[in-house]
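Let's have the full structure, built from the sequences with the hints guiding it.
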Amino acid sequence: MKKSKKLLEELKKLDFHKMYNEDFLLTWEKSDDEIAATFKVADILRDIRENNISPRLFDSGLAVSLFRDNSTRTRFSYASAANLLGLEVQDLDEGKSQVAHGETVRETANMISFMADVIGIRDDMYIGKGNAYMREVSKAVEQGYKDGILEQRPTLVNLQCDIDHPTQSMSDMLHIINTFGGVENLKGKKIAMSWAYSPSYGKPLSVPQGIIGLMTRFGMEVVLAHPQGYEVMPEVEEVAKKNAKASGGSFKVTNSMAEAFENADIVYPKSWAPFNAMEKRTELYGQGDFDGIKALEKELLAQNAEHKDWECTESLMKTTANGNALYMHCLPADISGVSCKEGEVESSVFDRYRTPLYKEASYKPYIIAAMIVLSKAKDPVAWFEKLTDKTPKRFLA
Amino acid sequence: MKKSKKLLEELKKLDFHKMYNEDFLLTWEKSDDEIAATFKVADILRDIRENNISPRLFDSGLAVSLFRDNSTRTRFSYASAANLLGLEVQDLDEGKSQVAHGETVRETANMISFMADVIGIRDDMYIGKGNAYMREVSKAVEQGYKDGILEQRPTLVNLQCDIDHPTQSMSDMLHIINTFGGVENLKGKKIAMSWAYSPSYGKPLSVPQGIIGLMTRFGMEVVLAHPQGYEVMPEVEEVAKKNAKASGGSFKVTNSMAEAFENADIVYPKSWAPFNAMEKRTELYGQGDFDGIKALEKELLAQNAEHKDWECTESLMKTTANGNALYMHCLPADISGVSCKEGEVESSVFDRYRTPLYKEASYKPYIIAAMIVLSKAKDPVAWFEKLTDKTPKRFLA
Amino acid sequence: MKKSKKLLEELKKLDFHKMYNEDFLLTWEKSDDEIAATFKVADILRDIRENNISPRLFDSGLAVSLFRDNSTRTRFSYASAANLLGLEVQDLDEGKSQVAHGETVRETANMISFMADVIGIRDDMYIGKGNAYMREVSKAVEQGYKDGILEQRPTLVNLQCDIDHPTQSMSDMLHIINTFGGVENLKGKKIAMSWAYSPSYGKPLSVPQGIIGLMTRFGMEVVLAHPQGYEVMPEVEEVAKKNAKASGGSFKVTNSMAEAFENADIVYPKSWAPFNAMEKRTELYGQGDFDGIKALEKELLAQNAEHKDWECTESLMKTTANGNALYMHCLPADISGVSCKEGEVESSVFDRYRTPLYKEASYKPYIIAAMIVLSKAKDPVAWFEKLTDKTPKRFLA
Numbered sequence: 114m115k116k117s118k119k120l121l122e123e124l125k126k127l128d129f130h131k132m133y134n135e136d137f138l139l140t141w142e143k144s145d146d147e148i149a150a151t152f153k154v155a156d157i158l159r160d161i162r163e164n165n166i167s168p169r170l171f172d173s174g175l176a177v178s179l180f181r182d183n184s185t186r187t188r189f190s191y192a193s194a195a196n197l198l199g200l201e202v203q204d205l206d207e208g209k210s211q212v213a214h215g216e217t218v219r220e221t222a223n224m225i226s227f228m229a230d231v232i233g234i235r236d237d238m239y240i241g242k243g244n245a246y247m248r249e250v251s252k253a254v255e256q257g258y259k260d261g262i263l264e265q266r267p268t269l270v271n272l273q274c275d276i277d278h279p280t281q282s283m284s285d286m287l288h289i290i291n292t293f294g295g296v297e298n299l300k301g302k303k304i305a306m307s308w309a310y311s312p313s314y315g316k317p318l319s320v321p322q323g324i325i326g327l328m329t330r331f332g333m334e335v336v337l338a339h340p341q342g343y344e345v346m347p348e349v350e351e352v353a354k355k356n357a358k359a360s361g362g363s364f365k366v367t368n369s370m371a372e373a374f375e376n377a378d379i380v381y382p383k384s385w386a387p388f389n390a391m392e393k394r395t396e397l398y399g400q401g402d403f404d405g406i407k408a409l410e411k412e413l414l415a416q417n418a419e420h421k422d423w424e425c426t427e428s429l430m431k432t433t434a435n436g437n438a439l440y441m442h443c444l445p446a447d448i449s450g451v452s453c454k455e456g457e458v459e460s461s462v463f464d465r466y467r468t469p470l471y472k473e474a475s476y477k478p479y480i481i482a483a484m485i486v487l488s489k490a491k492d493p494v495a496w497f498e499k500l501t502d503k504t505p506k507r508f509l510a
Numbered sequence: 114m115k116k117s118k119k120l121l122e123e124l125k126k127l128d129f130h131k132m133y134n135e136d137f138l139l140t141w142e143k144s145d146d147e148i149a150a151t152f153k154v155a156d157i158l159r160d161i162r163e164n165n166i167s168p169r170l171f172d173s174g175l176a177v178s179l180f181r182d183n184s185t186r187t188r189f190s191y192a193s194a195a196n197l198l199g200l201e202v203q204d205l206d207e208g209k210s211q212v213a214h215g216e217t218v219r220e221t222a223n224m225i226s227f228m229a230d231v232i233g234i235r236d237d238m239y240i241g242k243g244n245a246y247m248r249e250v251s252k253a254v255e256q257g258y259k260d261g262i263l264e265q266r267p268t269l270v271n272l273q274c275d276i277d278h279p280t281q282s283m284s285d286m287l288h289i290i291n292t293f294g295g296v297e298n299l300k301g302k303k304i305a306m307s308w309a310y311s312p313s314y315g316k317p318l319s320v321p322q323g324i325i326g327l328m329t330r331f332g333m334e335v336v337l338a339h340p341q342g343y344e345v346m347p348e349v350e351e352v353a354k355k356n357a358k359a360s361g362g363s364f365k366v367t368n369s370m371a372e373a374f375e376n377a378d379i380v381y382p383k384s385w386a387p388f389n390a391m392e393k394r395t396e397l398y399g400q401g402d403f404d405g406i407k408a409l410e411k412e413l414l415a416q417n418a419e420h421k422d423w424e425c426t427e428s429l430m431k432t433t434a435n436g437n438a439l440y441m442h443c444l445p446a447d448i449s450g451v452s453c454k455e456g457e458v459e460s461s462v463f464d465r466y467r468t469p470l471y472k473e474a475s476y477k478p479y480i481i482a483a484m485i486v487l488s489k490a491k492d493p494v495a496w497f498e499k500l501t502d503k504t505p506k507r508f509l510a
Numbered sequence: 114m115k116k117s118k119k120l121l122e123e124l125k126k127l128d129f130h131k132m133y134n135e136d137f138l139l140t141w142e143k144s145d146d147e148i149a150a151t152f153k154v155a156d157i158l159r160d161i162r163e164n165n166i167s168p169r170l171f172d173s174g175l176a177v178s179l180f181r182d183n184s185t186r187t188r189f190s191y192a193s194a195a196n197l198l199g200l201e202v203q204d205l206d207e208g209k210s211q212v213a214h215g216e217t218v219r220e221t222a223n224m225i226s227f228m229a230d231v232i233g234i235r236d237d238m239y240i241g242k243g244n245a246y247m248r249e250v251s252k253a254v255e256q257g258y259k260d261g262i263l264e265q266r267p268t269l270v271n272l273q274c275d276i277d278h279p280t281q282s283m284s285d286m287l288h289i290i291n292t293f294g295g296v297e298n299l300k301g302k303k304i305a306m307s308w309a310y311s312p313s314y315g316k317p318l319s320v321p322q323g324i325i326g327l328m329t330r331f332g333m334e335v336v337l338a339h340p341q342g343y344e345v346m347p348e349v350e351e352v353a354k355k356n357a358k359a360s361g362g363s364f365k366v367t368n369s370m371a372e373a374f375e376n377a378d379i380v381y382p383k384s385w386a387p388f389n390a391m392e393k394r395t396e397l398y399g400q401g402d403f404d405g406i407k408a409l410e411k412e413l414l415a416q417n418a419e420h421k422d423w424e425c426t427e428s429l430m431k432t433t434a435n436g437n438a439l440y441m442h443c444l445p446a447d448i449s450g451v452s453c454k455e456g457e458v459e460s461s462v463f464d465r466y467r468t469p470l471y472k473e474a475s476y477k478p479y480i481i482a483a484m485i486v487l488s489k490a491k492d493p494v495a496w497f498e499k500l501t502d503k504t505p506k507r508f509l510a
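Just so you know, the protein sequences line up as chains A, B and C, in that order. With positions in the first sequence counted from 1, the corresponding number in the numbering used here is that position plus 113. With positions in the second sequence counted from 1, the corresponding number in the numbering used here is that position plus 113. With positions in the third sequence counted from 1, the corresponding number in the numbering used here is that position plus 113.
Treat the hints loosely; a few may be bogus.
Identical copies look the same in the list; a pair holds intra-copy or inter-copy alike.
Mimicking SDA-like on lysine to any residue, the simulated pairs with C-alpha atoms at most 25 Å apart in a straight line are [stated by the list, open to error]:
hint, residue 1, residue 2
1, 119, 264
2, 118, 261
3, 355, 397
4, 491, 127
5, 506, 202
Just so you know, the hints here were simulated from the structure itself, not pulled from any lab data. Predicted model only: the values in this text are computed from it and were never measured.
As structure tokens, then:
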């Protein structure tokens with residue numbers, strides 16, 4: 114438990130009091146101290162669980178989940194985090210196609226929240242919709258709490274929206290921090306967030322956007338690479354630029370994968386759909402134009418197919434720093450010759466990084482749990498200190 | 114905790130010992146003391162949760178749920194109640210269309226109950242079926258318990274059947290009691306349970322029936338209003354008449370919404386299907402006559418459309434006592450111009466009552482929890498006294 | 114608690130230390146002591162729960178379930194066992210038709226296991242696939258644990274595969290042991306595992322295989338009876354022969370139901386599909402030949418219909434030992450004139466044995482819990498002794 118004690122001392126120096134009773138929707142709405150506190154709490158939670166202490170924060174309570182898109186790993190990460198803290202997941206299954214509006218959102222948000230402490234939402238399919246929906250839910254439960262309808266104010270965790278994927282980017286970042294031996298070692302490191310070819314269509318932009326919106330805060334050289342036409346949301350690029358400037362790092366966009374990989378310390382090659390196409394799709398859905406959607410899909414797949422050379426190959430990897438940049442992915446990856454004929458990454462590259470990739474994913478339950486702890490506990494430091502003194506066991510035999 | 118202590122003193126005076134190991138299927142099967150005890154326990158549970166005490170009654174155990182019709186709010190209320198008491202919800206998903214009979218019911222009821230403490234069932238679609246099914250399940254587990262197959266006798270909670278919707282009517286009543294400052298203030302108050310127009314079809318009768326079956330027990334003037342042809346089950350009207358007589362109140366049926374609303378202290382305008390039509394639909398389902406069902410649906414929608422003037426308007430509300438009767442609804446309501454073109458209630462009326470409406474809904478988790486506590490704990494008073502002394506926390510930080 | 118104390122003394126004499134951190138996939142991979150220990154622990158768990166002690170082994174943790182075939186009773190048994198021990202079930206729902214391979218299995222297995230203590234899998238549809246899949250998952254999480262990705266090694270419980278159905282056969286056996294007053298009374302007893310007619314098709318072989326693979330270990334005369342063409346997997350017959358020899362019992366295959374029933378102490382008449390047909394179906398699925406599957410289905414139903422005389426009738430029952438052999442079934446049974454026109458068993462036979470049949474099923478939650486306890490607790494004896502001293506209650510009022 115020495116590790117936890119050290120982390121706790123570091124946590125004490127950070128100012129995170131504004132996280133109390135607040136949602137976690139976009140990393141760039143959180144201060145540097147708040148981001149750092151989230152990493153510390155995630156590491157503490159991991160350490161105490163590894164030492165068989167149960168960080169149960171609730172004796173009862175619901176963690177509502179609402180997945181408007183498929184999910185396995187985030188679903189399990191959310192369930193794990195909730196369970197670790199003593200909450201029970203209750204899924205709100207509205208059917209994926211049904212997009213609730215106005216009155217309905219307000220009402221449903223309250224109806225499911227009488228005993229809810231957290232609400233986790235994935236809503237990443239439609240540009241301009243997902244994050245907006247989360248804010249509608251947040252406003253509704255805030256009002257319900259003020260009006261005395263809800264006894265507690267459930268806080269929201271963004272499990273992926275159209276703009277950001279904070280539980281992913283934060284897990285990725287914690288993986289980087291722990292791989293490089295501390296955030297202090299990241300200054301000047303080069304990270305390439307690169308588009309890569311995939312035979313599938315319409316992957317959300319929230320991963321590349323989340324990465325450039327977060328990784329620019331640590332003094333790194335962040336390069337976003339993609340073919341022309343695969344631009345991300347301009348607002349997020351603005352965030353990245355501002356972050357880079359403030360942190361003493363840099364943010365650059367290029368249309369060359371080779372340029373991005375050259376001398377990179379970290380590479381993150383991953384497919385996504387063009388922002389404009391996703392906007393168009395959102396419109397078509399709004400109009401119920403399913404023929405239009407089919408046509409768009411065909412068009413996009415053809416457009417993707419023009420960029421099959423955007424693959425993370427062994428030869429590209431050789432051009433990275435010492436030929437062994439840290440390869441990252443949010444998983445599942447489209448592995449050439451394994452999960453598809455031609456894909457995002459050569460299979461020998463993927464194979465070599467399998468253990469670090471799985472480790473990268475393993476941070477997500479702790480990141481989510483940390484977000485919950487920091488929004489629910491007024492004084493998490495005091496709680497952790499009490500915990501480690503009493504040592505309630507997770508495994509009781 | 115003063116509030117709880119006072120409620121506990123009141124609870125002690127009531128005779129509810131017959132609720133132990135019993136189901137909660139119809140409110141009119143419970144004595145006045147038992148109904149009163151349920152309200153007291155619900156209020157106690159709410160108060161102690163608000164004071165951060167965990168009323169965990171079980172260290173483990175299942176709360177089986179079986180929803181043969183869609184549900185969001187009752188599903189979440191049941192899950193919240195179970196979780197609050199330490200039970201885990203396990204859903205039995207048989208597919209909505211499959212109606213099990215005889216042997217199968219007996220067997221399944223036992224197979225799911227080895228570690229079940231409660232079984233909550235919603236089965237409200239077919240007249241003559243839902244409540245009967247619950248009784249079949251109840252008999253099966255009773256027998257299983259007697260035969261030594263089950264180590265405990267899971268008790269049933271009716272989460273809405275063809276006859277009654279006790280968790281709804283009890284929540285509604287508790288809302289009324291708390292709004293009017295106590296059951297002693299309700300004598301002579303007028304409540305209008307009125308049909309209202311909706312463009313949808315086949316809404317269950319269990320809400321109006323539950324309301325007239327329960328609200329007639331408190332000395333109120335209960336008026337049931339509906340267009341000709343929208344009669345409820347005659348047996349339930351008989352219950353209402355008998356209750357009214359015993360409680361010193363009155364029960365009246367009228368075909369005029371205006372008459373019902375005039376000088377009313379409470380109004381509950383809500384759509385439902387005619388009893389005869391629901392009976393016919395049940396028959397058609399039994400015969401597998403889907404064309405017949407479609408024809409019936411068309412016919413019923415046309416019949417509804419003749420009564421679009423049955424809307425809870427501002428001008429109708431002005432005719433109520435002091436022009437500000439308490440407006441109630443089980444939600445979701447069909448709000449004119451919001452959730453449909455023409456509906457049950459004018460949007461400005463609904464808007465004005467949103468907070469009380471949500472509050473009304475907020476009682477349901479506690480009502481369900483109270484039903485569970487009173488059927489599982491032999492001496493709930495002793496348990497509550499022990500609880501409040503030890504103050505086990507719900508939120509542990 | 115005298116019963117538990119006695120069982121605990123018996124448990125101490127058994128060598129089960131190799132079960133720690135191991136899966137439970139096939140009964141014949143476990144030693145006699147390990148099988149005996151599982152029965153003892155199941156009986157202890159039942160006794161202490163009946164005495165209102167909570168055998169909570171975990172303060173938090175997930176019990177992942179993956180059902181690649183429908184299930185009600187095993188699903189509820191698994192949920193009950195997990196809940197009893199303090200684990201929360203999290204279902205991995207991949208869609209029944211999707212058969213994951215290689216890379217995907219390895220990755221998914223790790224992604225769902227960060228906080229998983231147990232993984233329960235049902236995968237019984239395709240010969241040569243189900244058990245193989247479980248071993249793939251097991252290898253993946255073993256590797257993940259070694260690589261430091263997983264903090265604990267989730268152990269697997271086979272909830273039915275193509276080869277064995279250990280949670281069923283072990284529950285059945287515990288029912289036999291308790292019915293006959295101890296394993297020592299079983300030497301020389303005759304048990305008939307017999308095919309029986311059913312109008313349905315493609316029932317898995319894992320039940321008869323599980324029964325002959327396990328019941329041959331106790332010195333009993335085990336007879337497997339089926340019409341020609343309904344052979345089970347030859348490997349499992351080999352296991353049965355070897356077991357019988359070692360235990361001083363016998364194993365015999367016959368094509369006569371009458372011969373099997375004659376003087377039997379226990380009968381287990383149940384339908385299953387021919388092994389060859391199941392192999393062919395697996396191939397056809399692999400080829401996506403759905404017309405072929407339909408044709409095969411028709412052919413198999415016709416083949417079944419030639420053996421309608423394979424029914425457990427009253428007159429057959431009269432030929433058993435004292436005319437009252439213990440009738441067993443994994444449920445649900447195809448009862449002639451009740452669940453189908455002609456089926457596995459005459460309704461009066463089934464009726465007479467209903468209570469013992471339900472009791473037989475009631476062991477499954479405890480058998481599953483025992484499997485989990487023995488694979489997770491390094492020293493279950495010490496844990497049980499600690500438990501019974503502290504007596505933490507399951508029901509707290």
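Hints, verified against the model:
1. Within a single copy, residue 119 and residue 264 get their C-alpha atoms only as close as 36 Å, which misses the 25 Å cut-off; across copies the closest is 21 Å, which meets it.
2. Taking the closest pair of Cα atoms, residue 118 and residue 261 come within 25 Å of each other only across two copies (22 Å); inside a single copy the shortest separation is 39 Å, beyond that limit.
3. In this homomeric assembly, residue 355 and residue 397 never come within 25 Å of each other (Cα to Cα): the closest approach is 33 Å inside a single copy and 59 Å across copies.
4. Taking CA atoms no more than 25 Å apart as the test, residue 491 paired with residue 127 passes inside one copy only; the shortest distance there is 14 Å, against 41 Å between copies.
5. For a Cα distance limit of 25 Å, the shortest separation of residue 506 from residue 202 qualifies both inside one copy, at 22 Å, and across copies, at 20 Å.
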